[in-house]
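Peer 1: If you want the building blocks of each chain, they are given just below.
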Amino acid sequence: MKRSADDFLPLAPAVLHILLALAGEELHGYGIMQEVARQSDGRYKLGPGTLYDNLQRLVKQGIVEPAGEAAEDSRRRYYRLTSLGRGVIAAEISRLETVVREARLHIPATLTGRS
Amino acid sequence: MRKRCYGWLIRLHPAPFRRQFAEEMLAIFDDVSSCEHAGKDSAACKTVYGLFVDAAASLFRQWVLRPEFRHAAADEAVPVAAGHAPLFASFDGYKMRPAAVLSGCLLSVVVLWAVAIASLRPEKLSSWSIGMHTSRKSLLQVSRSSLAETGPDTLILSGPEPGNPWRSMAGVYFKLMPVLGTLDADGDFVISRWEIVGAPQALRSLDRDHDGKLSPEECGFGLGDRSRDPEFVSEARKEFMRTQPVLAALDTDRDGEISAQEISSSSHSLRAVDSNGDGALTPDEVIPDRATTQAAAIFRQLDTDRNGRISSAESERSEAAPMREILRNADRDRDGITTLAELTEELRIRDESRRQNAGALKAASARP
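So the sequence lines, in the order shown, correspond to chains P and S.
Note that the numbering used here has the first sequence beginning at 1, numbered continuously upward.
Note that the numbering used here has the second sequence beginning at 1001, numbered continuously upward.
The set of hints was computed from the structure by calculation and includes no laboratory data.
Only a predicted model underlies this, so the values are computations on that prediction, with no experimental measurement involved.
Built from N, CA and C at the ideal position, the CB exists for glycine as well.
Be careful, since some hints might not be right.
[To be verified] Within a straight-line C-alpha distance of at most 20 Å, the following computed EDC-like cross-link-like pairs (lysine to aspartate or glutamate) qualify: (1) P:Lys45 to S:Glu1036; (2) P:Lys45 to S:Asp1030; (3) S:Lys1003 to S:Glu1036; (4) P:Lys60 to S:Glu1068; (5) P:Lys60 to P:Asp7; (6) S:Lys1175 to S:Glu1218; (7) S:Lys1175 to S:Glu1285; (8) P:Lys60 to P:Asp6; (9) S:Lys1003 to P:Asp73; (10) S:Lys1238 to S:Glu1217; (11) P:Lys2 to P:Glu92; (12) S:Lys1238 to S:Asp1278.
[Claimed, not checked] Distance windows between CB atoms, simulated: (13) S:Arg1004 to P:Arg57: 26 to 34 Å; (14) S:Gly1104 to P:Arg57: 42 to 50 Å; (15) P:Glu97 to S:Arg1018: 16 to 24 Å; (16) P:Ser83 to S:Ala1038: 34 to 42 Å; (17) S:Arg1018 to P:Ala103: 58 to 66 Å; (18) S:Gly1104 to P:Ala103: 56 to 64 Å; (19) S:Ala1114 to P:Arg57: 42 to 50 Å; (20) P:Ser83 to S:Gly1104: 40 to 48 Å.
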């Protein structure tokens, strides 16, 4: 049975970061690690073991797919989001926006850091 | 060196994971390593040693928490026919888990050892053995009414064989004669070849007073309180040893006792009793017949000079009057002397004649 994007929500932090890194362009493993570190200002660092464990599952779920070998190094392989993957990241962002909106409605502005 | 160690860690991962990502992980190791050499902070890990920690955690994760990917890899090996139906040959791609193979090996070794130990000590496990080691009459009885209707053509017999009166007598005789009861270790009333070989050891077990020899009493002789006459008792003890075929064979020097030397050579002596030469002593060979016993009793009474012969003078005595006709018939060579063998033969002929007459009378009375 074909699964919808909502079936994968909520995403684990590592998965969210990987999908966010791949949302912009195709990346190989080391590129994903660099992009995740950049997006989180170096606060969140993925090790290769964690990265490829998640990629293994994401490929199996059809959210990410291999996109061929890197021209500069045949050992590296690029990965990209599938249409399902794009739907998943979009659904997750929408879910997070709802969470943030609800938080702003119910929590005083001082606690959320807004003036 | 560090890269080689990291490569070993990667190689320890499950094969599907290793095939898919090992090269990429090694490439990342090169990137992090070059960053470290250049003094730059790696985007992924601050040091190469962080990669080792990550690889060790990944190793645990892939083997323990991700079994579905290992099995999925085996499923990928399934060939699919043109009609998209899996082929039976697809099972060739299955590989047993190493843990299952190891468990099977251990279990096989344990079972093998258990069977080997059990076979070495069967007496400890007799109650667990399948089948019976001894025959029992109760096991042979069949009581089913259907058999009577169908008329079974198989006869199941238990107990002594018909037509072999020796076996029925042997049951009593072997009990009265401790020597035979001891020699017949398996209780089948036959002193087999191997029981003859073990005769010296068996006979030594009868030596209750531990004087190294067997007296007539230790061989089964007993008069109770019937006689206190020492001379009579002495003669009776010797007679007992002479009239029992097995004891007579063992007591080679005819002194009325089985000495230590005679016990040691008993295996050889007993072969003299094996009249049919089959290597075993059967009841008909070890039980004295009636004629032999009677002849010995007559000799004990009439052979006053104990020379083993009844002379004409001895047969003319008043005590010999009832036996005179028998002694005359027994003296076949008409030399006026009756030997023990002649008397035994005569008594045996008379017994046989008496038995035939009794059989004829019984048959005549049974006829309508």
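Peer 1: For each hint, tell me whether it holds in the structure or not.
Peer 2: Outcome of the hint check:
1. Restraint check for lysine 45 of chain P and glutamate 1036 of chain S: the C-alpha separation of about 16 Å stays at or below 20 Å, so the hint holds.
2. Between lysine 45 of chain P and aspartate 1030 of chain S the alpha-carbon distance is near 17 Å, which keeps this suggested pair within the 20 Å criterion.
3. Proximity of lysine 1003 of chain S to glutamate 1036 of chain S is assessed by CA-CA distance (about 13 Å); at most 20 Å being required, the pair is judged to hold.
4. Distance check on the hinted pair: lysine 60 of chain P and glutamate 1068 of chain S sit about 11 Å apart at the alpha-carbon level, within 20 Å; holds.
5. Taking the CA atoms of lysine 60 of chain P and aspartate 7 of chain P, the gap is about 15 Å. The hint holds against a cut of 20 Å.
6. Using a Cα cut-off of 20 Å, the hinted pair lysine 1175 of chain S and glutamate 1218 of chain S holds, with the two alpha carbons roughly 13 Å apart.
7. Restraint check for lysine 1175 of chain S and glutamate 1285 of chain S: the C-alpha separation of about 16 Å stays at or below 20 Å, so the hint holds.
8. With a C-alpha separation of about 17 Å, the suggested pair lysine 60 of chain P and aspartate 6 of chain P falls inside the 20 Å cut-off, and the hint holds.
9. For the given pair, lysine 1003 of chain S sits about 18 Å from aspartate 73 of chain P by alpha-carbon distance, which is consistent with the 20 Å threshold.
10. With a CA separation close to 11 Å, the supplied pair lysine 1238 of chain S and glutamate 1217 of chain S stays within the 20 Å bound.
11. At roughly 19 Å between alpha-carbon atoms, lysine 2 of chain P and glutamate 92 of chain P fall within 20 Å of each other, so this suggested pair holds.
12. The hinted pair formed by lysine 1238 of chain S and aspartate 1278 of chain S fails the criterion: a straight-line CA distance of about 29 Å is larger than 20 Å.
13. For the pair arginine 1004 of chain S and arginine 57 of chain P, the supplied restraint of 26 to 34 Å holds, since their beta-carbon distance comes to about 29 Å.
14. Checked against the hint of 42 to 50 Å, the C-beta distance between glycine 1104 of chain S and arginine 57 of chain P comes to roughly 32 Å, which is inconsistent with it.
15. Glutamate 97 of chain P and arginine 1018 of chain S have their C-beta atoms about 40 Å apart, which leaves the hinted 16 to 24 Å range violated.
16. A hinted range of 34 to 42 Å for the beta carbons of serine 83 of chain P and alanine 1038 of chain S is consistent with their spacing of about 40 Å.
17. A hinted range of 58 to 66 Å for the beta carbons of arginine 1018 of chain S and alanine 103 of chain P is inconsistent with their spacing of about 44 Å.
18. Restraint check, glycine 1104 of chain S to alanine 103 of chain P: a C-beta distance of roughly 57 Å satisfies the suggested window 56 to 64 Å.
19. Between alanine 1114 of chain S and arginine 57 of chain P the CB atoms are about 45 Å apart, so this pair conforms to the stated range of 42 to 50 Å.
20. For the pair serine 83 of chain P and glycine 1104 of chain S, the beta carbons lie near 47 Å from each other, so the given range of 40 to 48 Å is met.
Hints 12, 14, 15 and 17, counting from the list given before, are not met by this structure.
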